[in-house]
Amino acid sequence: MVRRARRINRELAEVYPYAHPELDFRNPFELLVATVLSAQTTDLRVNQTTPALFAAYPTPEDMAAAVPEEMEEIIRPTGFFRAKTKSLLGLSAALRDEFGGEVPGRLEDLVKLPGVGRKTANVVLGNAFGVPGITVDTHFGRLVRRWKWTDEEDPVKVEAVVAGIFPKSEWTMLSHRVVFHGRRICHARKPACGACPIAPFCPSYGEGETDPEKARKLLKYEMGGYPGQRLSPPADYPGKPAPALGAE
Numbered sequence: 641m642v643r644r645a646r647r648i649n650r651e652l653a654e655v656y657p658y659a660h661p662e663l664d665f666r667n668p669f670e671l672l673v674a675t676v677l678s679a680q681t682t683d684l685r686v687n688q689t690t691p692a693l694f695a696a697y698p699t700p701e702d703m704a705a706a707v708p709e710e711m712e713e714i715i716r717p718t719g720f721f722r723a724k725t726k727s728l729l730g731l732s733a734a735l736r737d738e739f740g741g742e743v744p745g746r747l748e749d750l751v752k753l754p755g756v757g758r759k760t761a762n763v764v765l766g767n768a769f770g771v772p773g774i775t776v777d778t779h780f781g782r783l784v785r786r787w788k789w790t791d792e793e794d795p796v797k798v799e800a801v802v803a804g805i806f807p808k809s810e811w812t813m814l815s816h817r818v819v820f821h822g823r824r825i826c827h828a829r830k831p832a833c834g835a836c837p838i839a840p841f842c843p844s845y846g847e848g849e850t851d852p853e854k855a856r857k858l859l860k861y862e863m864g865g866y867p868g869q870r871l872s873p874p875a876d877y878p879g880k881p882a883p884a885l886g887a888e
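Position in the sequence shown (from 1) plus 640 gives the number in this note's numbering.
Below 27 Å or equal to it, Euclidean Cα-Cα: the simulated BS3-like pairs (lysine-lysine) are:
{"hint": "1", "residue 1": "K880", "residue 2": "K830"}
{"hint": "2", "residue 1": "K752", "residue 2": "K797"}
{"hint": "3", "residue 1": "K880", "residue 2": "K857"}
{"hint": "4", "residue 1": "K808", "residue 2": "K797"}
{"hint": "5", "residue 1": "K830", "residue 2": "K857"}
{"hint": "6", "residue 1": "K808", "residue 2": "K752"}
Simulated from the structure, these hints should not be mistaken for laboratory data.
Fair warning: this is a prediction, and the values are worked out from it, not measured in the lab.
Sequences and hints are given; from them, build the entire structure.
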């Protein structure tokens, strides 16, 4: 299993050499806020919403002083906007009061912030601070179970199992590659098995569409010729930038 898992990771690295976090951000604070907003919505919707949010509240100090109703109106498109506003106000005040207005670079400090769990902390550490971490979101958990790396459902247990299979240096990029694959090819309901580059190594091959032509029609984002989720993707991203809010 370990050999097969590492082979899958190597194959994914060739398929997605440009894998990256699919949230737009320019600094650790923006990534932290965007990750909190991404709960129960798409990264695309977050990316379409955050330009106005960061224009209004560019720093933790600005955000901590926001009028809740005004912030709610800005982030309304992301859903659960009242709960998210409460989390953003709380974490911004904590950053201002306890960390000098800076996002801390330690897991134990991040998870103490309102609305910040282990998954969000690992996203921020891996992509804003270069600290290796495994981000177990719904895509990641679904694929590692489909690949028989683990049958655990609890994200913390999944993280621990996968961390034992791969060297720490691979953790952050492995997370991006698996999530990219889950969004583009290995979908929850109908995986595109017939167009999957790791089909020869997949113990669940055949759960989805195996006909190559039909499978190709299931591909998403750049693999299917469609825009990605980021309005400002990295320079090496081969797909199209996502449209701004209202321009879809």
